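K.L.:
The primary structure of each chain is shown beneath.
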Amino acid sequence: MSEVKGLRRWWPEMAATAGLAVAPFVLPALGFSPDTVNRILVWGLFGLGFDMLFGYTGLLSFGQSAFFGTGGFTAAYLLTQGMIGNVMLALLVGTLAACLAGLLVGMIALRRTGIYFAMITVAIAQVFFFVENSPLSAITGGENGIPGVPAPVFNLGFATIKVGSGWSMYWFLAACFLVGLVIARRIVASPVGAILVAIRDNAARAEALGHAVWRYKLTIFVIASAYAGFAGGLLGVLQGYMPPDAFTFDTSGQLVIMTVIGGTGTLFGPLFGATIWLYLHDFLQGPMGLGSAWRLALGLIFVLLVCFLRRGVLGGIADALHRRRTVEAPESSPALVPESATPHVPRRAPAPAHGGPVLQARNLTKRYGGLVANNDITFSVDEGEIRGIIGPNGAGKSTFFKMLTCEVPPSSGQILFHGQDITGFGVARVCQMGLTKSYQVNQLFGRLTVRDNITIAALAERRGQYSADLLRRVGAVAGLDRQVEQTLGLVNLTQRADTPVSALAYGEKRRLEIGLALASSPTLLLLDEPLAGMSPQERVETVKLLRNIRQGRTLVIIEHDMDAMFEIAEKITVLSEGRLLAEGTPEEIQQNRFVQEAYLGGVHA
Amino acid sequence: MITWPNFVSQLFNGLALGALLALISSGLTIIYGTLGVLNLAHGAMFMLGGYAGFVVFNATQSFGLAVLGGAAFMVVVGVLMERIVIRHFYSRPNEDQILVTFGIGIVFVELVRFFFGSDSIQITPPSWAIGVTSLGFLIYPTYRIVVTGIAAVALLILYLVLYRTRIGMIVRAGIEDSGMVDILGINVNQVFMLVFGIGAMAAGFAGIINAPVVALTPDAGETILVETFVVVVIGGVGSFPGAVLGGLIAGEILSLTSMVDPSYSQVMLFAVMTLVLMLRPQGLFGQKGRA
Amino acid sequence: MNFSSRHFGISTSRRNALKAGAGLIGGAMLPWAAAPARAAESFPAIGTYPAGTAGDTVFIGITVPRTGTYAVPGEDLLKGYQLAIEHLNAGDALIKMISPHTTTGVLGKKVISGVADSGAKPNEAVQNGSRFISENKASVITGCVSSAEAVALNKLADREKVIYLPGISGSNDTTGKDCARYSFRECYYGQTAAAAISPVITKAIGANKKVAYLTPDYTYGHTVHASMEEYTKAAGWKTVTNQVCPLGSPDYSSFLLNIANSGADVFININFGNDAVNSIKQANQFGILQKQTLVVPYNTPFLARDVGPDLMAGVFAATDFWWTLEDRFPIAKAFVESFEKKYGYKPEWGAQAGYMQIAMWADAVERAKTFYPPEIIKAYEAGVTLNGTVGPVSMRPEDHQLIRPVIIVRGKKKADMKSKDDYYDVLEVVPGAGVMQKPDAFGCKLGPVT
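Chains as they are written, first to last, in numbering that gives the first Met the number 0: chain A, 0 to 604; chain B, 0 to 290; chain C, 0 to 449.
Check the hints yourself; a few may be wrong.
To give an idea of the chain C side of the interface with chain A (calculated C-beta under 10 Å), a few residues [what the hints assert, rightly or not]:
| id | residue |
| --- | --- |
| 1 | E123 |
| 2 | D216 |
| 3 | Y344 |
Keep in mind that the hints were calculated from the coordinates and are not lab data.
Owing to the predicted nature of the structure, the values given are computational and were not obtained by experimental measurement.
Idealized CB from N, CA, C, for every residue including glycine.
Taking the hints into account, I'd like the entire structure generated from these sequences.
P.N.:
Put into structure tokens, the structure is as follows:
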């Protein structure tokens, strides 16, 4: 069975190999010239990197031309100047140059996300074009580009293969594309690939689960630059000429259009999109006699696809197939009661004993402009404790939690975890230390399945904040499967493991929310209104769950459900108007006059 | 070429370029601020406005009518675009909005190319504005002074609409907090439509009044779009004062750099943008946490 | 007969297609079908030879900008090619004046062609060229309105071993450091333009003048600027400012302000295409043309028509051809008449260059008596003197640059124009030999033939 599975895993690569092998015999009959097919391969390779950047990670860059050009011109320059004789070596050096450019640009552009990111990449790519065209024109040939790029020659010992133009060039490019594809498929299937998709869906949660989101973004940005740089080099080799057009906005724009037409998040999308684009480019201009109106037709097609078939042609097909499969799968209604009551103990080694409390907050204050959300709160939690935090709406409970997990920095004050000052550490690093939170409003990875959601969380704990294990399969991460299955069982979602989050019922989403936090194996878990929106039955189950997970853990819970709180918490802290009002056992709090006035007073008055 | 007369000339020229950029950018920023949509077709709208004015001008030979007709046409284009396409994209990811406006931009450009060809077209300015005005030692084309004046007045009107009218209040409330407008029970749909119309008009209007100065081609919007990005990134996306200040800064950078080495004007623009991003990522007037 | 391609707008007219079809059936009736394929067997295959001429046609791939800032000269150039091809197939008397061995077609084969838009982008040009070669087995690639296209196609030609004929290309590099064995340039260029116009303008405007340059920021612009500075130095002309501007700028205000404030006496504008038209009009808005004498060292086709005689009066320009040369050269007269009859306007220099390129190629092939490219190159390199539209011309074998005169013109006042197209006085026809650099001065090293 595993052998079959192993083979099935490789079927896209095998299909691609077969497709590339028969292409020269089929495509000419459809009216493709070898030159067109070769260009399609270059775009397809260029697009592999871009699809990982945009389709998988959600980073829409309009500046890929910068790296396409950098790689291409570096390789072309080295080759034509005779500095490097070997074409493959020159291509690799060009790729490295593109990586370096990608690193620098990424460090600026990735400071912002969304539309800012798109705008900044456009602007920076313009600078690259200018630099190529003007200050560096002595090297790049300015608007003339670099002519005379040689084609590769392979010495195999027994024979020498000299790559010529046409179909001879095709085999070389097809081999390059295939290698690029295999690597890209490995990256996508690696833990990093899984995290990239999580970043696309919910970057903030990925960060909160302990992944160094910014570094992963930078990683994929550099990888996309590498693909761009290599493809740029191939363009020069293909034409025997490196054109300055490589650096223009038009190049970036075409890449985006091809990828979207073909289908994002499929890896094959850009190749497919390039085929459509170049074919229509010829077909509309030639037999259709549209002349320069061909771009108009393509523009309209593009707009329609974005409107109605967002994942492009291939993505649309994949979605349709997927829909059929999921319809066939029977929906199983989940049992509410956890099947196992095995205590779930955090896997982490206990922190070095320091004798003091697990978590301490000293004089925490948070101001938003003139508004003081938290005012001088001092607070401490002991090892193994279950602490409740209550307070009327607007008491500053959630802000307090955000500061404790280092999501927001305090305006003043200090936070200590196991005696270590963690103020300003950042949410990912704190999570890695074993302190995390489940959210009041579900923060899930909406386009992934339940299992994938939990996997993302477990990966952070298994791999640390950042690891560049780009070629390792997710399944190969030691102990990951067990941890995921265990967590699924714990929050009772085992039977729903392969359901997309979007198809879950609210209560299930709530459990998954807690499951995400649990999967990262925290020693100190903050729960922000875990019972919010649950039915009475679900509440009972969840309280049971909380009891079940307390072993070896410290829990801090914000909750409005007083009965549940008084039942489960050993000690309760009351916040009111941003200040710490009282602290004590449930009985003490119930009898506290200030609490009654400030909190319950409103109810009883 | 740094002499006092030239410095003053370039300072003034920077103001003229800046006023125009500010006007175009304010359209982009209002649309983004209110609707949360980055309109990549904005450059194409600038160009489209110029061509609309050109058509009216050819039919009537009146520059005034060309400006009015072109501006009205652009409002219609903006409203239709919002109604037919953009409306369905509010709930979709930012990236989808960028993609669809990018595509619409291409369609606009190619439509114009289809009907008017790629050659540049020109509109003659009104006869009273032809010629050169001497302002002391500074000689400046009369019409360009007029354009700067018109752009300034248009910005002032936009300011008054945004800060002194009910619609403006709603728009600004939307910029501050898009959920707020919903809560107020205002018919958001109509406001959004109007905002898109106004934004499109700002770009198109700038395109028309600028048409007599430069040669207009279907591709004229591309450079402008990139410059507009720089303006709003410097000023802060979604901020009207930011767009105005950013526009003026960009205009002065372009103009003053040219005194030292004209070939570096554009790069200097991007260098300043990068600097702003490093020191104040949200832009001069931007709010933290947006985008 | 399948001479059309799925991929290009093939420009052969319907009438020609019918004729060609008839040629297959009743071949012997038609001269191009009657001619046997001569000596085809005696040469090895190279490039598209012999596949491209195996039938009774020979294909010319035309790539010209039909969109973008260079579209206007591109269309003019295209018409020149098309007229020449028509004349070849018809055995017109005009083309026989230039290519005396021509009967009909080329070596008896009918000339057919395909056209593709390059947008003046070198990458598109190479893409077009490659496809003409691989799909249409083109024997000749021709066309360009920017030197970037020319240089890119030069290299393609050498690599693919297919003859390339540049159209409009003003950079010294095209037959200088980027010259190619398989490429032959007809038109004038930066060096010859500067060397030819400098004595004329320094004499007319005077010595020791202050000069402001407006230079487009790419190789063509920089080489013309350097050449102009060099040749006017002797007369004591001094550069006060050189405003380098990006290609395709919509707005020249900051550059022009610097020029207006520079105190220059002469304004030398090196821009080409739409950029030239645009920048001259804007210069007028800034009052520059009233104070400074405009010189256009490399004249854009249709500049005078687009800018208007009011601005062009008194402007000095160096150009490749002007239609009133018909008063001096009979071939020019025949060409202008023939062209105007077909297209309804006076041909500009792009059309002239296109026509001459095709005619000279036909002549080289007729003399080589084969389509085998190395033999054609040999025929070109023989340096035979031909009668052209601007008098006798010959190909310089060392760098494949045509030795041809440069025409110096000055804009006429509106009142002095004899007809609506009479924009210029031809001041001088400067012989080419005297203004050309030494063949190796710009680093030309021709590649191998095979």
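K.L.:
Report the numbers of all earlier hints that the structure fails to satisfy, in ascending order.
P.N.:
Of the numbered hints given earlier, the structure breaks just one, which is hint 3.
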